[in-house]
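Protein chains in written order, with our numbering: chain A, 1 to 114; chain B, 115 to 230.
Simulated from the structure, these hints should not be mistaken for laboratory data.
One should not assume that every hint holds.
Claimed, not checked - The calculated DSS-like cross-link candidates involving lysine-lysine, where the alpha carbons are at most 30 angstroms apart (straight line), are:
(1) B:K163 to B:K183
(2) B:K185 to A:K57
(3) B:K185 to B:K163
(4) B:K163 to A:K9
(5) A:K57 to B:K163
Unchecked claim - Facing chain B, according to a computed beta carbon distance under 7 angstroms, are these residues of chain A, among others:
(6) S38
(7) L43
(8) P107
These numbers were taken from a predicted model, which means no experiment stands behind them.
We put the beta carbon where it would ideally sit given N, CA and C, even for glycine.
The lines below spell out each chain.
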Amino acid sequence: DSGVTQTPKHLITATGQRVTLRCSPRSGDLSVYWYQQSLDQGLQFLIQYYNGEERAKGNILERFSAQQFPDLHSELNLSSLELGDSALYFCASSPRTGPTDTQYFGPGTRLTVL
Amino acid sequence: AQSVSQHNHHVILSEAASLELGCNYSYGGTVNLFWYVQYPGQHLQLLLKYFSGDPLVKGIKGFEAEFIKSKFSFNLRKPSVQWSDTAEYFCAVNALISSNTGKLIFGQGTTLQVKP
Numbered sequence: 001d002s003g004v005t006q007t008p009k010h011l012i013t014a015t016g017q018r019v020t021l022r023c024s025p026r027s028g029d030l031s032v033y034w035y036q037q038s039l040d041q042g043l044q045f046l047i048q049y050y051n052g053e054e055r056a057k058g059n060i061l062e063r064f065s066a067q068q069f070p071d072l073h074s075e076l077n078l079s080s081l082e083l084g085d086s087a088l089y090f091c092a093s094s095p096r097t098g099p100t101d102t103q104y105f106g107p108g109t110r111l112t113v114l
Numbered sequence: 115a116q117s118v119s120q121h122n123h124h125v126i127l128s129e130a131a132s133l134e135l136g137c138n139y140s141y142g143g144t145v146n147l148f149w150y151v152q153y154p155g156q157h158l159q160l161l162l163k164y165f166s167g168d169p170l171v172k173g174i175k176g177f178e179a180e181f182i183k184s185k186f187s188f189n190l191r192k193p194s195v196q197w198s199d200t201a202e203y204f205c206a207v208n209a210l211i212s213s214n215t216g217k218l219i220f221g222q223g224t225t226l227q228v229k230p
């Protein structure tokens, strides 16, 4: 157990819908990262928040947005869902921010868009 | 853009065989390198990391990796695998473009199957 929790574990929804994925970082960690893992794209970095502020952005679609709240948990919002958004979404956390920080991963949320 | 290649997509070994998984990255500057492992049904866990210093780094569970700067490589090795090493292995790079981000770029992953 990494100490990072993600809810829900599984999510099945229809095209065009909107969903929210939730992540609670390890106690004391200030950074939260979101990654998407799909069969064709592999594991891709989406976005990083550090202490409530966006710190880095990757290949995140405009239909996707995220935020980090004062209690440091984070939510990833996915809207106007398409079949291709079906994937495993991982959250990770680290104590600070920076390239030498070790990231601890949660168990992931498996999203299926029908 | 930075990228990471893992050449072996699926490796099958017998117990006690030696393991080497290849990882190459494309970035000419300073990088930090990681190997993560994902056991079936579990989350990604850090095996080892390289930031600087001795290019041969040792990680958990008997794994080690060697950073060869001239080859842009960071191959993972284990002298003798066990059935419990069956998992998916990911190489990742953090290119030091900005000191304030932890953005990791992952390879496609290598599935290792160890036969008892």
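Checked hints:
no. : hint             : in the structure
1   : B:K163 to B:K183 : 15 angstroms, holds
2   : B:K185 to A:K57  : 29 angstroms, holds
3   : B:K185 to B:K163 : 18 angstroms, holds
4   : B:K163 to A:K9   : 28 angstroms, holds
5   : A:K57 to B:K163  : 23 angstroms, holds
6   : S38              : 11 angstroms, violated
7   : L43              : 4 angstroms, holds
8   : P107             : 5 angstroms, holds
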